[in-house]
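Trainee: Sequence:
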Amino acid sequence: MIGVILAGGESRRFGSQKAFHMLDGKPFYQHIHDTMVKSGCFEAVVINTNEVLASRFSMPVIVDDSQYAGLGPLTGIYSVMNEVPYESYFVISVDTPFITTRAIEHLISHYQGNITVYRDSEQIHATIGIYPVTLKTMIEHQLKTRCLSIRQLFDEQTKYIDVGDIPGHWYANINHPEDLKGV
1 MIGVILAGGE SRRFGSQKAF HMLDGKPFYQ HIHDTMVKSG CFEAVVINTN EVLASRFSMP
61 VIVDDSQYAG LGPLTGIYSV MNEVPYESYF VISVDTPFIT TRAIEHLISH YQGNITVYRD
121 SEQIHATIGI YPVTLKTMIE HQLKTRCLSI RQLFDEQTKY IDVGDIPGHW YANINHPEDL
181 KGV
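The sequence shown: position 114 = 114 (UniProt numbering), numbered continuously.
Keep in mind the hints are simulated off the structure, nothing from the lab. Warning: the hint list may mix true and false statements.
Taking CB as the label site, the calculated pair distances span [to be verified]:
1) G25 <-> Q152: 35 to 43 angstroms
2) Y86 <-> H141: 14 to 22 angstroms
3) G40 <-> D155: 13 to 21 angstroms
4) V52 <-> S149: 20 to 28 angstroms
5) S66 <-> D120: 32 to 40 angstroms
6) V52 <-> K159: 34 to 42 angstroms
7) T137 <-> G70: 30 to 38 angstroms
Okay, derived cross-link-like pairs now, DSS-like style, lysine-lysine, Cα gap no bigger than 30 angstroms in a straight line [unchecked claim]:
8) K136 <-> K38
9) K144 <-> K159
10) K136 <-> K159
11) K38 <-> K159
12) K38 <-> K26
Values in this document were obtained by computation on a predicted structure and should not be read as measured data. All C-beta atoms in this analysis are idealised placements derived from N, C-alpha and C, irrespective of residue type, glycine included.
All chains should be modelled from the sequences, with the hints used to inform the complete structure.
Mentor: Printed below as a string of C-alpha cells:
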C-alpha cells in the first residue's frame, strides 16, 4: 500500500498554504508524513501537490497531471496512481495533521479491496481513506467529464468505518487557523 498526502489545494479559507503551516516546529505535511512512516504500513509515502507548490516541499513530490490540474482531490489520487502503480492507496488530506498511527492501522485493518473510509455521526471523511487502483479508469472518466465529487466513486461495496472511540481531533479538518485552538 502507498501512503498519499494530498497537498495541492488552494487553502483559501485558511489564508495561507496549510501544508506549510507550522505546528510544534514542523509543517502540517511533515507531521502527517512522519506519522505515516512511523506506522510501518506503507511501501512508500508520497506527497501530491500542484506545480506551483512543488518546490516548497523538503521531499520529493508527485505533481498533479497537467490536464486535470486544479480539479481537486481526484486529480491528486489519479496523478499518484499514474506515477506510482500499486494495488491500493491510503489517501489523507494535508489539513489533518493530528492523524495517529492507531487511526491509520485501524482503517487498514478493515480494508478488503474496496474503498474504505472513515465516518462519524455527521459526515463521511472521504479524504481519509483507502482507494484501490481498480478505480483509476473511473477516476479518469470523472475528471474528463468534470464530475469532481470523490463520493461519486462510492458504491454498495464501499466500506464505512465508524470512528468509534478514536478522539475527534485526529480527523479534524483544519480549514481556518482558529480550528487549531483547543485541539
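Trainee: For each hint, tell me whether it holds in the structure or not.
Mentor: These are the hints, each one checked on the structure:
no.: 1; hint: G25 <-> Q152: 35 to 43 angstroms; result: holds, 39 angstroms
no.: 2; hint: Y86 <-> H141: 14 to 22 angstroms; result: holds, 20 angstroms
no.: 3; hint: G40 <-> D155: 13 to 21 angstroms; result: violated, 30 angstroms
no.: 4; hint: V52 <-> S149: 20 to 28 angstroms; result: holds, 24 angstroms
no.: 5; hint: S66 <-> D120: 32 to 40 angstroms; result: holds, 36 angstroms
no.: 6; hint: V52 <-> K159: 34 to 42 angstroms; result: holds, 35 angstroms
no.: 7; hint: T137 <-> G70: 30 to 38 angstroms; result: violated, 21 angstroms
no.: 8; hint: K136 <-> K38; result: holds, 28 angstroms
no.: 9; hint: K144 <-> K159; result: holds, 26 angstroms
no.: 10; hint: K136 <-> K159; result: holds, 18 angstroms
no.: 11; hint: K38 <-> K159; result: holds, 25 angstroms
no.: 12; hint: K38 <-> K26; result: holds, 16 angstroms
Hint compliance for this structure: hints 3 and 7 are broken, all remaining hints hold.
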